[in-house]
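**Q** Please build the complex by placing chain B on the supplied structure of chain A, with the hints as guidance.
Protein chains in written order, with the working numbering: chain A, 4 to 436; chain B, 4 to 436.
Be careful, since some hints might not be right.
Unchecked claim - What follows is a list of derived Cβ distance ranges for each label pair: (1) B/104 <-> A/340: 43 to 49 angstroms; (2) B/205 <-> A/200: 23 to 29 angstroms; (3) B/257 <-> A/247: 21 to 27 angstroms; (4) A/430 <-> B/324: 27 to 33 angstroms; (5) A/430 <-> B/209: 55 to 61 angstroms; (6) A/435 <-> B/67: 52 to 58 angstroms; (7) B/94 <-> A/340: 57 to 63 angstroms; (8) A/74 <-> B/203: 47 to 53 angstroms; (9) B/147 <-> A/171: 48 to 54 angstroms.
To be clear, the hints were calculated from the coordinates, so they are not data collected in a lab.
Beta carbons are placed, not taken as given, at the ideal position from N, Cα and C, and that holds for glycine.
There are 2 protein chains.
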Amino acid sequence: MALVVIGGVAAGLSAAARARRLDPNLEIIVLEKGAAISYGACGLPYLVEGRVRRAEDLIVYTPEYFRKERRIDVRTGARVVSIAHARREVALESGAKVRYDRLVLGTGARCDTCGMPGVAQPHVFTLHTLDDAERMRRFLTEKRPRRAVVIGAGYIGVEAADALRRHGLRVTVLERSDNALLRDDAALTLAVRRVLEEYGVELRLGIDVKSIEPDRVAGVPCDMVVMAAGFKPNVELAADAGIEIGRTGAIRTTPHMETNLPGVYAAGDCAEVTHLVSGAPTWIPLGTTANKTGRIAGANATGRRERFAGIAGTAIVGIFGTGFATTGFSEPQARALGFSPVAARIEHYSRPRYFDGLKTTVELVADRATRRLLGGSVIGEQDAAGRINVIATALEARMTIDDFEQLDLAYSPPFAPVWDPLLIAAQQLQQAW
Amino acid sequence: MALVVIGGVAAGLSAAARARRLDPNLEIIVLEKGAAISYGACGLPYLVEGRVRRAEDLIVYTPEYFRKERRIDVRTGARVVSIAHARREVALESGAKVRYDRLVLGTGARCDTCGMPGVAQPHVFTLHTLDDAERMRRFLTEKRPRRAVVIGAGYIGVEAADALRRHGLRVTVLERSDNALLRDDAALTLAVRRVLEEYGVELRLGIDVKSIEPDRVAGVPCDMVVMAAGFKPNVELAADAGIEIGRTGAIRTTPHMETNLPGVYAAGDCAEVTHLVSGAPTWIPLGTTANKTGRIAGANATGRRERFAGIAGTAIVGIFGTGFATTGFSEPQARALGFSPVAARIEHYSRPRYFDGLKTTVELVADRATRRLLGGSVIGEQDAAGRINVIATALEARMTIDDFEQLDLAYSPPFAPVWDPLLIAAQQLQQAW
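Chain A on its own, in the form it takes in the complex:
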């Protein structure tokens, strides 16, 4: 039995490692088109910033480690150009063919910039691979750019803006939609804008960039451009092989992370998963989901039948020290999905003031008919991750606002106020009926 995994980052390596743990005899081959595997892609902005000193610090495992310690045949520079499922065979760019019994697609996603005039200029960057980050770092030290434009106000865009600002550049973020962080949420976007502006970064919304001129983008002068928009799943290889693509544009999967082709699995940024709140397929490419779905694809490729329940869509990003955390749906998102949402937003101290407590903002969204929680956000310099995780857990448990309002959360002065901001938000939301 041979398992072939296409992609050697989060999803692919999680699949390979899990398969090995469950089946010591399986032949496992990982085909990675790039030069490096197993890097913490979410750390790339911090490599640019300089907090992560060397690219090596983001590499968790080397191909040698996998070969020797796990007996997994990891091949770098191995770009798969086609899948012939009838023959259970993939073809590499080099012309070589690799046979499989089970196949896991962990082809990831990319910043789809192909079409835009000007993207090939040397001062234009993406931030998707270790190479991207290292090239950007070299450019910063060698060319000493003074003004940057970041295209896209999603997670990578704002993290890149933060990193470049810390290098002393003037930074303007251009976003096509009316929202930051890919969430239809005016208050969240306003909070992002305030923090960015406080640190001297300009945010312009509703700017649809059509081309990158040598010295400006959409009229904003700059000598450096970061493309952090147009993120798309890499599905071409799959589609060409007859694998179904879902309405989100990512590979359609069963709860077992299997595609429509039996024995062929997809995981990570190239795959759809179920959204636990809406029940519908969704595509929210994040490292945590990549690892989880990879593990499940790898397990099922060895004959198990593990299910992935789905995601709540939890995410967090730090912008100049403030955490912006979201899960589930915002009020407008919930409404667009057919819910009848009610929402409450409160601001409260995260901890007692004598323990240097700072203000934090919590929003909760619930469904008017069922009282079920639909989503929430937490914004603040303290404890944002812990609090959004409580909301995420409540979403996954399908809690109502009334269950949530009685949560037995930890209290002691060094850690939280006696009424946690989460509970104050819940009480506030209960007034909405």
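**A** Just chain B now, kept in the frame of chain A:
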């Protein structure tokens, strides 16, 4: 209609305030035996330490505030000596009588030290009221004690030890049981011991103190003693009035926080509540529960029918900067309750090392038969509150370990590793079957 509330701290004032909000016309009288109301009792160790500068800083509201702003008649120095329910009347120490239609008991708890020889000496303290803390503070500055014994290794005991150590005293904590923090959990106790010893505080277990000598306790020389053991609910008033006391020793309540006497409610540290994991009545006196049950008692006293689901038993304490957080049951506790528990304990970084991540310990306990989570603990200098709250939320939702292992927790390098320690613990626990 008159609502009388006995007790003017967390539960009593929550009840009074909520009742006023729901019924603008109700006559509301709060009878508090002490001189102050509405203080943050959990802040007392920090008043001793000095982080909280003045006693006033712990007072949230004054009697004047309640009288003027809420039209609640708060009477301090008003000690109730009996309840005559047949006449719907309470009698004060002063001889005065106060009539009620609805009664809320928020009589709290105390450190039951009456019987022990030597407790009346001026160098012996409890840490239960503002007066206690101020007296201790004066003693520290005026008498400059050099060695303290703390009796009891529960929350207040270890917080007092921390505060006194920061004042430069040699501190020994004597605990009757084999465990710190009131939890049958050897690993937790060991972790508490390690932190205490690292900061020069000695912990001696299995020491049943029978008397306090002028210069020593159980053979340990000292010039100052803190009594932080023998915590008991104040139920005598209730019991004398024919109110049922439960097996925990606290006042028995319905889910509406009503006692066996119709129209008489109990809330806070004097009352039993349901433990959500065991389903049995429990007595875990904490400020959060006091506020929640007070609100519900107050609401129901105005004619509502709100239910208190119960508690998970979540608690956290900071000892020299490390958070010790627990919820639900430890493995031995779960076994004693008739479950067949399995447990896993892991140590992992709380955040990436390049974001100054420190190690954190997570333990999860689940039931072998049902795979339901039964409890957990989190120990560490970072993010302990946020993580224990996720476990608490999962307990309240009756999640299985398999639900928990798939939780969609927030990830981004400044906040957490891609595999949160909670999920690593869950994966580890899944291996136990």
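**Q** State for each hint whether it applies.
**A** Hint-by-hint comparison with the structure:
Take residue 104 of chain B and residue 340 of chain A: their Cβ atoms lie about 48 angstroms apart, and the range 43 to 49 angstroms holds. As the Cβ distance of residue 205 of chain B to residue 200 of chain A is approximately 53 angstroms, the hint placing it in 23 to 29 angstroms is violated. About 55 angstroms separates the C-beta atoms of residue 257 of chain B and residue 247 of chain A, a value inconsistent with the hinted range of 21 to 27 angstroms. The hint said 27 to 33 angstroms for the Cβ distance between residue 430 of chain A and residue 324 of chain B, and at roughly 31 angstroms that hint holds.
The hinted range of 55 to 61 angstroms is not satisfied by residue 430 of chain A and residue 209 of chain B, whose Cβ atoms lie roughly 44 angstroms apart. At roughly 33 angstroms, the beta-carbon separation of residue 435 of chain A and residue 67 of chain B lies outside the given 52 to 58 angstroms, and the hint is violated. The hinted range of 57 to 63 angstroms is satisfied by residue 94 of chain B and residue 340 of chain A, whose Cβ atoms lie roughly 60 angstroms apart. For residue 74 of chain A and residue 203 of chain B, the hinted distance range of 47 to 53 angstroms is satisfied, since their beta carbons lie about 50 angstroms from each other.
Range check, residue 147 of chain B to residue 171 of chain A: Cβ separation about 53 angstroms, and the 48 to 54 angstroms hint holds.
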